[in-house]
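Fit chain B to the known structure of chain A by using the hints.
These protein sequences, in sequence, are chains A and B.
Here the first sequence stands for residues 24 to 377, numbered as in the working numbering.
Here the second sequence stands for residues 83 to 371, numbered as in the working numbering.
Just so you know, the hints here were simulated from the structure itself, not pulled from any lab data.
A hint or two may mislead.
Unchecked claim - Label pairs and their in silico Cβ distance ranges: (1) A/PHE39 with B/LYS201: 16 to 24 Å; (2) A/GLY160 with B/ARG276: 29 to 37 Å; (3) B/ASN202 with A/ASN232: 27 to 35 Å; (4) A/HIS201 with B/ALA96: 51 to 59 Å; (5) A/GLY160 with B/ILE108: 44 to 52 Å; (6) A/ARG152 with B/ALA96: 32 to 40 Å; (7) A/ARG120 with B/LEU180: 28 to 36 Å; (8) A/SER130 with B/LEU180: 37 to 45 Å; (9) B/ASN202 with A/PHE39: 14 to 22 Å; (10) A/VAL218 with B/ASN202: 39 to 47 Å.
Backbone N, C-alpha and C fix where the C-beta goes; we use that ideal spot for every residue, glycine too.
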Amino acid sequence: MPALRIEKLTKTYGSFTAIESIDLSIPDGALYVLLGPSGCGKSTTLNCIAGLEDATSGRVLLGARDITRLAPHQRDIAMVFQSSLLYPHLTGIQNIRMGLRGGKADSAEIEARISRTVDMLDIAKLLTRKPGMMSGGERQRVAMAKAIVRDPSAFLMDEPLAALDAALRQSLRADLVHLQKQLGVTTIFVTHDQVEAMTMGDMIVVMNNGRIEQVGTPQEIYEHPKTRFVAGFLGSPPMNFIKGHLVLIDGAPVFRARATDIVVPVALLSQFPADGREVELGIRPQHLGLSDERVAGSVPATVYAVERLGKENVVVLEDEEKRTLRALTDPATSAKIGDQLFLIANVAKGHIFS
Amino acid sequence: MMSRRRSGPWKLLAISVAVCWTLLPIYWLFRLSLLTPADISSFPPPILPAHPHPGNFLNILGFDYTLVSGRVLHASGQSRQIILGLKNSLIVATTTMLLTLAVVVPLAYVFGRMEFRFKNALFMSVLFAVAIPPVSTLIPFYTLFVALGLSGTRTGLVLITLTLTIPFVTWMLIGYFRNLPPVEKLAAIDGFSRLQTLLYIIIPMARSGIAVAAVISFLFSWNDFVFATTLVNGSDATTLPSAASAFLFQQPEPGHMAASVILSLIPAALVVLFLQRHITEMNLVDPVR
Numbered sequence: 024m025p026a027l028r029i030e031k032l033t034k035t036y037g038s039f040t041a042i043e044s045i046d047l048s049i050p051d052g053a054l055y056v057l058l059g060p061s062g063c064g065k066s067t068t069l070n071c072i073a074g075l076e077d078a079t080s081g082r083v084l085l086g087a088r089d090i091t092r093l094a095p096h097q098r099d100i101a102m103v104f105q106s107s108l109l110y111p112h113l114t115g116i117q118n119i120r121m122g123l124r125g126g127k128a129d130s131a132e133i134e135a136r137i138s139r140t141v142d143m144l145d146i147a148k149l150l151t152r153k154p155g156m157m158s159g160g161e162r163q164r165v166a167m168a169k170a171i172v173r174d175p176s177a178f179l180m181d182e183p184l185a186a187l188d189a190a191l192r193q194s195l196r197a198d199l200v201h202l203q204k205q206l207g208v209t210t211i212f213v214t215h216d217q218v219e220a221m222t223m224g225d226m227i228v229v230m231n232n233g234r235i236e237q238v239g240t241p242q243e244i245y246e247h248p249k250t251r252f253v254a255g256f257l258g259s260p261p262m263n264f265i266k267g268h269l270v271l272i273d274g275a276p277v278f279r280a281r282a283t284d285i286v287v288p289v290a291l292l293s294q295f296p297a298d299g300r301e302v303e304l305g306i307r308p309q310h311l312g313l314s315d316e317r318v319a320g321s322v323p324a325t326v327y328a329v330e331r332l333g334k335e336n337v338v339v340l341e342d343e344e345k346r347t348l349r350a351l352t353d354p355a356t357s358a359k360i361g362d363q364l365f366l367i368a369n370v371a372k373g374h375i376f377s
Numbered sequence: 083m084m085s086r087r088r089s090g091p092w093k094l095l096a097i098s099v100a101v102c103w104t105l106l107p108i109y110w111l112f113r114l115s116l117l118t119p120a121d122i123s124s125f126p127p128p129i130l131p132a133h134p135h136p137g138n139f140l141n142i143l144g145f146d147y148t149l150v151s152g153r154v155l156h157a158s159g160q161s162r163q164i165i166l167g168l169k170n171s172l173i174v175a176t177t178t179m180l181l182t183l184a185v186v187v188p189l190a191y192v193f194g195r196m197e198f199r200f201k202n203a204l205f206m207s208v209l210f211a212v213a214i215p216p217v218s219t220l221i222p223f224y225t226l227f228v229a230l231g232l233s234g235t236r237t238g239l240v241l242i243t244l245t246l247t248i249p250f251v252t253w254m255l256i257g258y259f260r261n262l263p264p265v266e267k268l269a270a271i272d273g274f275s276r277l278q279t280l281l282y283i284i285i286p287m288a289r290s291g292i293a294v295a296a297v298i299s300f301l302f303s304w305n306d307f308v309f310a311t312t313l314v315n316g317s318d319a320t321t322l323p324s325a326a327s328a329f330l331f332q333q334p335e336p337g338h339m340a341a342s343v344i345l346s347l348i349p350a351a352l353v354v355l356f357l358q359r360h361i362t363e364m365n366l367v368d369p370v371r
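Bound conformation, chain A alone (with noise of 0.2 Å):
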């Protein structure tokens, strides 16, 4: 049985529409990312989970119990916000008892699990002081703590990395995994930055417009991306897209774009009759050759900018339609600004949306 399973959840507000639909089953212990650009209605879906927003219609279920019209506190949840907010007028051993009011345990059970805590946390020199006191990593451990001690069901947590430099939540990103491999919690975890959801998540949930777009492993997602967006959202630099038409030459499914054609494997036109239709074609960075000359099914394209990033660069380029390409080519190609080239796609690594 899942440990958490969402059903139709739907949120509106108004008029507008912030999720619609919803449906998600997490196994007891794994660690979700809901990833998606801001607005996408990931805040929203923690908050219906959580209790902080009231779903409009569906159900929420946390093991066998239907948690949608409960209150917060009586859900058995925990949450950590952005930015790992406490109560700035309290020491971290009280924000972290604040998380125990009402609870049913008893009270020896209690200082046992917060000794437990602070220990694996090694938080002992922040009790006494204020968040204000304390670093952004600091108040991740007591947000973490204040989490912990309440033993729930499942941890959600919205982009409780989001405000700390990028060098500390790398280290927090590992620290993080691994307490919760620890503890073994089921955890919901929201993100928009994509490096966070790949090197976090046990699985990735592509949200955009208030639906989810995808489900699946990190490599799931990234190879395999089912949709456009998807394709789009992740992966640094972008992928890159092709405007162009599916046709049939000689037999052959051929994507032709301005005057280049491009033959296409069979493989990836599964879902796609070669009818003429306006496709587009998506082919990472990383699948992009750049040439001097101009060989069949070869892009005519002008540098831009050249981005050195120490063990490659990634190429710039304009098409002749003005649309911008990224190409990650090694660090020693003399590439320059306005320079002609031609780029091949490896189009067996390539991907179709319509």
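Frame of chain A; chain B shown alone:
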């Protein structure tokens, strides 16, 4: 660093001007309150009192005082009004402060942190009350209060002062509440109801802002002169500024007048001193550091 060094003397000058601006008149009054009648009339006026004495203060509180020279300074005829005024001012200002806080804290919280219908229109009406000159409502209030039997009462004075303090302090606190971190979500998860969140979380968190609101409403009422002269002057509900102003219309006693003004400064100064930590702590952009 260069600019910092160069701005040194200018900064010092600016601070000196500001300090003199506020403290010189107070010094002048304080000096006046300690002078003997002979020193007051001498020319040029002495910068420091040659024979400082507490006679003026004792006089306005109803006691005679004998100078070293043997001259007796008699108790002021206004002393009964001054003592009444001191008592009334304390009662009126404290009541105004407490009522203002009771109304303003929930009001500013709701305006600062919740969304509801007609919020803007309602907020504008609060601001409008700040914008109209207080004197413009004085005559209507006076007629109303006479009809209701509230003229010459402390209740009437508190009521009319609230029409100033409530909108002004609400306006001031809204921004402060708005900038508090979004702890309501945290409180909801921890099982606080909305009212409990306000009482047990928001108010302790906002104590600096609320302390400043308390000081401002106390001082508004304590310093009020216009309402007091119109509504309670000469009655048993007279306040200290109104009672002190009577010295303007009597046989000139500059020492008595100065002493009564210094007396009126003391409680206000004590309130500010007591809440000073909160006032300097209150930062409108980041309320909780």
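Task: Non-conforming hints, listed in increasing numerical order - done: none
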